[in-house]
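Colleague: Letter by letter, the chains look like this.
Protein chains: 2
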Amino acid sequence: MSGTETPVLAVLRGDKHPPDMEPIEEAAVVRYTDADGLADALRGADALFVYDFLSSAVPAAWHAADRLRWLHIASAGVDPVMFPELRESDVVLTNSRGVFDDSIAEYVLGQILAFAKDLPRSLRLQAQRTWQHRESERVQGRSVLVVGTGPIGRSIARLLKAAGLRVSGAGRRERAGDPDFGTVYASDRLTEYLPEMDYVVAVAPLTEQTKGMFDARAFAAMRPQARFINVGRGELVVTADLVEALRTGAIAGAGLDVFDTEPLPPESPLWTMDNVLVSPHMSGDFIGWRNALVEVFADNFWRWRAGEPLRNVVDKKLGYVPSSG
Amino acid sequence: MSGTETPVLAVLRGDKHPPDMEPIEEAAVVRYTDADGLADALRGADALFVYDFLSSAVPAAWHAADRLRWLHIASAGVDPVMFPELRESDVVLTNSRGVFDDSIAEYVLGQILAFAKDLPRSLRLQAQRTWQHRESERVQGRSVLVVGTGPIGRSIARLLKAAGLRVSGAGRRERAGDPDFGTVYASDRLTEYLPEMDYVVAVAPLTEQTKGMFDARAFAAMRPQARFINVGRGELVVTADLVEALRTGAIAGAGLDVFDTEPLPPESPLWTMDNVLVSPHMSGDFIGWRNALVEVFADNFWRWRAGEPLRNVVDKKLGYVPSSG
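Line by line, the protein sequences give chains L and R.
Under numbering that gives the first Met the number 0, think of the first position of the first sequence as 0, with each following residue one higher.
Under numbering that gives the first Met the number 0, think of the first position of the second sequence as 0, with each following residue one higher.
Note that these hints are calculated values from the structure, not bench results.
Certain hints may be false.
One copy or two, it doesn't matter: identical chains are merged, so the pair holds either way.
Straight-line C-alpha distance at most 25 Å; calculated SDA-like pairs for lysine to any residue [what the hints assert, rightly or not]:
#: 1; residue 1: Lys315; residue 2: Ala297
#: 2; residue 1: Lys160; residue 2: Gly140
#: 3; residue 1: Lys15; residue 2: Thr129
#: 4; residue 1: Lys160; residue 2: Ala59
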């Protein structure tokens, strides 16, 4: 953006209106819309803020984007807007990398400790007023593989290391001496090192390469004592294979915050499995997250307005913001 | 112990027989007993190993202890053997300090994360197959007061600090610059600094000074958002006052692993309160804890047999092992 013209900003809102937008409303013509009005709002718009970041409405309205130059999405994962027309366009795509990192890390540590300390069973016994002493597991020294070496994976790695776990990573390229992970294994050889892991944490971006990477073969390679934790995207997993692995005892448990269909349908067998913790895609959503999301957008908005380089520019070939720029 | 005579060791076992006792059985006459046989076993015994560390059987059998010189208890808390006759005797008392520290620290962090991430409600919603997004709390930067500055309290402090919480301690003497706690407040002025705390963790030894220290006045001083976690002794708390504080919202929740009556009676209102996590005195009991307990006892046994100074000697006036010897 440059010049003196007032830009037009379309905002795809969801159930909630984004907070703290007043300063931006003074500097742009802001068109708030739901999915149905998105095409109309896009016509003549210079920028699009996808605040309803799980919406799949953008591809269908894209034909109306006649002068769009920038799209910002209020999430770390950009898979809902990774359709061919956007990929091939000159529209700059930015995301909200950073907002969720530490909150998700705390969530993952909480899930690991809940499994190790048998907390779900304590709660079930409590509901029955039953005192039943059990021994529990230590987490110190346990091995964790964090699949996904972006900022969220790094925050998870740092917190789990601080809590005494042994952490390694899996990413596109195998390498040693990573400051957060030490060893980073190659994701395409996952089954070779899964047998060593007590916990496997999925936080990779959803791309053609990562879709369905946790399948029957991957779960078969894990220890029967291993727990699988997904805070990335449901589609990283072949859900039927995960259910089978949990049923047969190929793995010991799963902590799932994301699902291939959200909300998780009532008929899913995952709801009722004793060794599964289901939560409603909330791991990153700390109190204040909505303000933090708008803050990240606003920072980029003022840069864009001033013609300065944007932050968190997504590499549309990779499907995420490359590390270090 | 010295000389060539074979010593007599009484072992108060509980439901379970202590593991790994074979080497000791070769070096001593070992009399395993339950509570009913304790007096007979004590007659002529040189040492007593209280493996059933929650048993209250020792005082009633004490009259038979006609040549006892050493009593070792397989726990950190020594309150079950803190009766006047033992206090006033020359019998050396040692405990199992150290075994439970890191396991309890992990447990406390798990409870804090469970509260912050609203895990109990996620489990209740899961049981109803209900998808209900909520915002959750961060733990980074939250304030924690650890009441009890012994080795367990220190391990808790180190782990919580590593996870990003702000930790201070409360002990007998107020002081600054403590390596684990930074500031240590005086326990007898608890209500002055309780208002600043998001979490209060009770892990003090049970003594005349600490009994009932968490009463209506203490709970009234806490924030309505505060959670109280007890991994010390149930008798540190006036249970009726805690129930009332939880009912009225004077505090937001409690994670309770210990109770003034154990097992917690079925009629206790604590079982059914939504903001309470009840667990059956298990926070320290990691897989392998029984072997670790016997290892600590055996280390002292060989020292005693060789006439060397014992480890973990309890100051019978204080009711715990003083810091640094």
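Colleague: Each of the hints needs a verdict: does it hold here or not?
Modeller: Against the structure, the hints come out as follows:
1. Taking the shortest alpha-carbon separations for Lys315 and Ala297, only the intra-copy value of 22 Å comes in at or below 25 Å, while the best inter-copy value is 64 Å.
2. Taking the shortest Cα distances, Lys160 and Gly140 sit within 25 Å of each other both inside one copy (9 Å) and across copies (18 Å).
3. When the C-alpha separation of Lys15 and Thr129 is checked against a cutoff of 25 Å, the pair qualifies only between copies, where the shortest distance is 21 Å, while the shortest distance within a copy is 42 Å.
4. With identical chains, the CA atoms of Lys160 and Ala59 are never at most 25 Å apart, being 44 Å at best within one copy and 49 Å at best between copies.
Checked against the numbered hints given earlier, this structure breaks only hint 4.
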